[in-house]
Amino acid sequence: MSENKAFTLDAKPIEFQDGDTIMDAALRAGAYIPHLCHNPEFEPHGSCRVCVVGVNGRRVSACTQPATEGLEVENNSEAIKQERRALLQMLFVEGNHVCPGCEKSGACQLQAVAYYVGMLDPHFTHFFPRRLVDASHAEVAIDFNRCILCELCVRASCDVDKKNVFSISGRGIGSHLVINSPSGKLGDSDFSVNDKAAQVCPVGAILHKHTGYDRPIGERLYDRQPISVVGDVAEHEGKDHG
Amino acid sequence: MTDQLETAQHPERLKRVVIEPLTRVEGHGKVTLLLDDANHIKQARLHIVEFRGFEKFVQGRPYWELPVLVQRLCGICPVSHHLVAAKATDMLVGATQITPAAEKIRRLMHYGQTLQSHALHFFHLCSPDLLFGFDDEVRHRNIIGVIEDHPEIAKQGVLLRKYGQEVIRVTAGKRVHGTGAIPGGVNKSISTDERDYLLKDIDQIIAWSQGSVELIKRIFSDQFDYHMAFATIDSNMMSMIRNDGAFEIYHGGLRAKDPNGQTIFDHVDCNTYEQYLREGVKSWSYMKFPFIHSLGSENGWYRVGPLARVNNCDFFTTPLAEQARKAFRDAGQGRPVQASLAYHWARLIELLHCAEAIKDLLFDDDLLSDDLLVKGDMQARGIGVLEAPRGTLIHDYRINADGLVEKANLIVSTTNNNQAMNESIRQVANHYLDGKQLTEPLLNQIEVAIRAYDPCLSCATHALGKMPLEVQLLNSEGELVDRLQKRADGAIGIPADRENSG
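These protein sequence lines map, in sequence, to chains U and F.
Going by the numbering used here, the first sequence opens with residue 11, and the numbers climb by one from there.
Going by the numbering used here, the second sequence opens with residue 676, and the numbers climb by one from there.
Where hints are given, some of them may not hold.
Heads up, simulated SDA-like pairs for lysine to any residue below, C-alpha to C-alpha not over 20 Å straight-line [what the hints assert, rightly or not]: (1) F:Lys1050 x U:Glu149; (2) F:Lys837 x F:Arg782; (3) F:Lys849 x U:Gly228; (4) U:Lys195 x F:Ala1076; (5) U:Lys195 x F:Glu1081; (6) F:Lys705 x F:Arg691.
FYI, nobody ran anything at the bench for these hints, they're computed from the structure.
Throw the hints in and build the complete structure from the sequences for me.
Right, here's the structure in full:
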């Protein structure tokens, strides 16, 4: 009888299967819960917290919270959206996310989620960290300014590519993405443009070189429909880089 | 010559009048005048008070970002920076010859933006001075006054600009800060629907453009001698030129002529600009002072923009603009037209040419082609040159083996006109202000001279004559004698703090 188990998401019934998280069941049912570090192909991570939902008066991350019978999950309430906006605002000011000049603008999950939750400005004071671009690899560049520490590349390189090219170093506000190579440069690692890790970045941090802006405005991933309809960047990677 | 007005010998003994900010120009700037006790002007300077720093912060960025990133220099003619950076990155990716479709789509974008920029400048920013007179009441001397007194002219100005913006949107994806041009070509062609949409209004746009040329000719002729003399300086002029001498704003060689129309250099390969041009610096300005190297900094400064382009070219390829050019040329009576106010006339001839050229291009089926991109072997240096609405624009980039920018040099149009604008305000100060009690209409004459050049001082703001302005009168001891303030609502009066202090 497990197929009949259900919880409610904003008062609508969502069926789930054993082992599902709230996110798993919601996505399968076509109900969108904003997220950045979650990708169904990988183990739940729960680090970005953008998928925060209210469950019985508590705040939990939908991507890690197991679905259970009778849960009442609050997703699109104004209070939840406000918290998501604040989380996104902190992500925006922690890095250097300059959408007007970014080649991922219009096809960036961070930007699309920010639009979805109604974030209109960064609100907080920008950190303006000094970060560099690593373009030492022949085909892929990494712009550390835009890394949101979702660890999707870390997980993809470890779990799928079996290369361990990426890792997170440092703690707290000092956390940052590092490359596993003698020089610390991507060009000196065994990273390949065909790696899974090259296809999962939800923002403009891991970039295919020489191809920026090749997709015209109006035809980019999120130009016509919101992310709740289009889905994640990773679902479309490989089909195009736009 | 007015060189002696650049630096007064004893500024500490002079009173200082400041026009800040300048209004109805793009960006922020100020003019300082130093006067002796008899109101004789001893020093006049145009200061650019903003610092942009794009050359610095593009360092370390991937080269393919340049056309999109650097266009953020400007909100009025970003297409110029977009396209010139694209031309430079063409070189970087080894695209020595982009496809016909790509070049024509870029040209269409460029004509659209030149049309909208010129329309904005003439109708919105300068027509109040020219239609009402430099000394018209300040609260009437603005675009709202034009709308009230000449609604048809105002409407044409708005719709001409709108049309140019639509051309940009179709070619670049957005009216402002699009992404159409990419290294080696463009990212989209034109659909038949888009072409038909632009064709629908083009005959009206040409007619209005032709009307604007007639309007400026009539204004000019009404007080011909005055307009030929106001802010007029003899200068060298530099512009791009096509191989056969035709007017050219997208791709060609450089031509420079002296004040008598004699050639200084001609059909110079833009990539060798460094051999012909140098940039000087002065301690009192953030803006550099370019000059023609062979003539030296003293005599080598030059003017760029519509006046230089229309004077320098041998002919226009479109009939109506060519007809207008001949009438313009005749005004020079055998010499290049040196009147600074003739910038407006030349600008509107260019507006007409852009409208005609847009129509010609819209009938070219290459616009519909999907052959949009070429790439070759990567190069370490890329130089792009084109004619922005305000004059010759140069972008020069060097990248490392990873494709990241190591060095950038941008010589923007207004920079080329720096010395000329200073010379023009000194001419006005000398001839029209010297020895007089300064009033708002008199100070506006300084701004009229600067506006003729359509300077883009920081590439950002529209003031429309509504920005607050304060003039301070100091005596020889540096003590404040008087103050006059123009408030944001256009009202002129005594500063509030002085009123309160009695």
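Against the structure, the hints:
1. F:Lys1050 x U:Glu149: Since the Cα atoms of Lys1050 of chain F and Glu149 of chain U sit roughly 15 Å apart, the hinted pair holds (cutoff 20 Å).
2. F:Lys837 x F:Arg782: holds, 18 Å
3. F:Lys849 x U:Gly228: holds, 9 Å
4. U:Lys195 x F:Ala1076: Holds - the C-alpha atoms of Ala1076 of chain F and Lys195 of chain U are around 14 Å apart, at most 20 Å.
5. U:Lys195 x F:Glu1081: Holds, because 18 Å separates the two Cα atoms, which is no more than 20 Å.
6. F:Lys705 x F:Arg691: holds, 13 Å
Going down the numbered hints, you'll see the structure goes against none, and every one checks out.
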